[in-house]
Amino acid sequence: MMVDKRPKAKVEWADLIGRVASQGDREAFKSLFEHFAPRVKGFMLKAGCSADEAEEIAQETLITVWRKAGQFDPMTTGVAAWIFTIARNLRIDSVRRAARSGRSRQTSEPVDAADPADSADVMISRAEDASRVKAAIEQLSAEQSRVIRLSFIEERPHSEIADVLAIPLGTVKSRIRLAMNRLRDLLDEQR
Amino acid sequence: MTINHHPPEDLLASFATGTLEEAERLVVAVHVAGCERCGRFVQAMEQLAGAALEDAAPAPMAADAFDAVMARIHEGPAEAVRPVPPRVIAEHPDLPEVLRRCRIGKRRRVAPGVSMQPIELPGAGKARAFLLQSAPGTRMLEHTHTGTELTCVLKGSFSHQGGRYGPGDFDYGDDNMDHRPVVGDEGPCLCLVAMTGDLRMNGFFGRLISPFIRL
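So the protein sequences, as listed, match chains A and B. Per the working numbering, the first sequence starts with residue 1, numbered consecutively. Per the working numbering, the second sequence starts with residue 1, numbered consecutively.
Don't take every hint at face value.
As the list claims (entries may be wrong) - FRET-style restraints, in silico, Cβ to Cβ:
1) Asp73(A) to Pro8(B): 27 to 37 Å
2) Ser50(A) to Lys126(B): 33 to 43 Å
3) Arg67(A) to Asp64(B): 13 to 23 Å
4) Arg107(B) to Glu12(A): 45 to 55 Å
5) Glu189(A) to Gln161(B): 27 to 37 Å
6) Ser50(A) to Arg107(B): 32 to 42 Å
7) Ser141(A) to Lys155(B): 41 to 51 Å
8) Thr171(A) to Ala62(B): 40 to 50 Å
9) Ala57(B) to Ala135(A): 22 to 32 Å
10) Ala99(A) to Asp67(B): 28 to 38 Å
11) Arg97(A) to Tyr172(B): 27 to 37 Å
12) Arg107(B) to Ser22(A): 45 to 55 Å
13) Pro188(B) to Arg97(A): 31 to 41 Å
14) Pro188(B) to Ile167(A): 46 to 56 Å
To be verified - Some chain B residues close to chain A (C-beta under 8 Å, calculated; not the full set):
15) Gln47
16) Ala63
17) Phe66
18) Val69
19) Ala71
The hints are simulated quantities; they were obtained by calculation from the structure and are not laboratory data. No residue lacks a Cβ here, since even glycine has one placed at the ideal position from N, Cα and C.
Extracted from the complex, chain A is given alone in its bound form (with noise of 0.2 Å):
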């Protein structure tokens, strides 16, 4: 049976990190590659970034859930999610080597530096927090979902939001507020 090109499922997706992990499987890579490498350079072009860095952080990115496929935990993440951290971190560490080569007057070289954001990666890592949190999530409206994902994710200015979900500038920032208020809310209630 082929390999259907492009799996729609979550499940598939973390199968192909699967067989990364156990056999090194190229081809599963490919499709994985195929489908988030563009999709990485997409939300990097949107943040700000360079197309060369874009690009960078993309290939960076895949080369690092080629070589973590192992540590991937279907159980505590969803792979979007996993390989967003991925490029996250990447992009941090990218604007940090741009600010330590802009100092050049810096005498000794700090020790490479902490990852901090791993710290929270390791710590959340308990199946239990991730039904809880996948459970907030989904009960989160879709405005309000929307809301924290253009305002905090996507970065957009507030005269955006307030175009794009056809509200008045003025009612923005408490519509955000009352978005994260509500996360908050609908994680600390599951317990």
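Position chain B relative to chain A; hints supplied.
Quick look at chain B alone, frame taken from chain A:
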């Protein structure tokens, strides 16, 4: 460890999406590493970001990108193992894992009963991070901020008008705050602080010594 004070949600969101300044990211990371509640919030933001990634408009990769990636994979990882600076560990054997991997500068005294150690961050921007150690019962000078101040308590406690802050607690101060923290009597208080702008000491004595403090 009971944690009562948490970062505001927008700070946690920016932490999750990787858009905080390095010094601030470090302080939030230390809190999140010890706080399951905020850990879940960060995880929720990461899942939402994953959904946004899945929906992102694909941008075509360079023609040879896949071959280039496979070639780099077969070259093997270039990164070396990070050496841990031994001085820091000797001085604070129980620092959180995230901090143990940072290079921490020399301790210097900044006021009676108060000393600080800068944390050297390679990508630091406007915000600076440092460890602040205060003797039990120290009454900090009344001060206001020109920027923001993020604090995570590592040991001991302090109190101000916002309440009592013990290990793991997170305090967010901005230029609206005008407070005078008092360190708890139970022992020295060690905090991790990220600060933008300057600390303004109020009162005659504060104005007199603040040029020397330069926190």
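Q. For which of the previously enumerated hints does the structure constitute a violation, in increasing order of number?
A. 2, 16, 19
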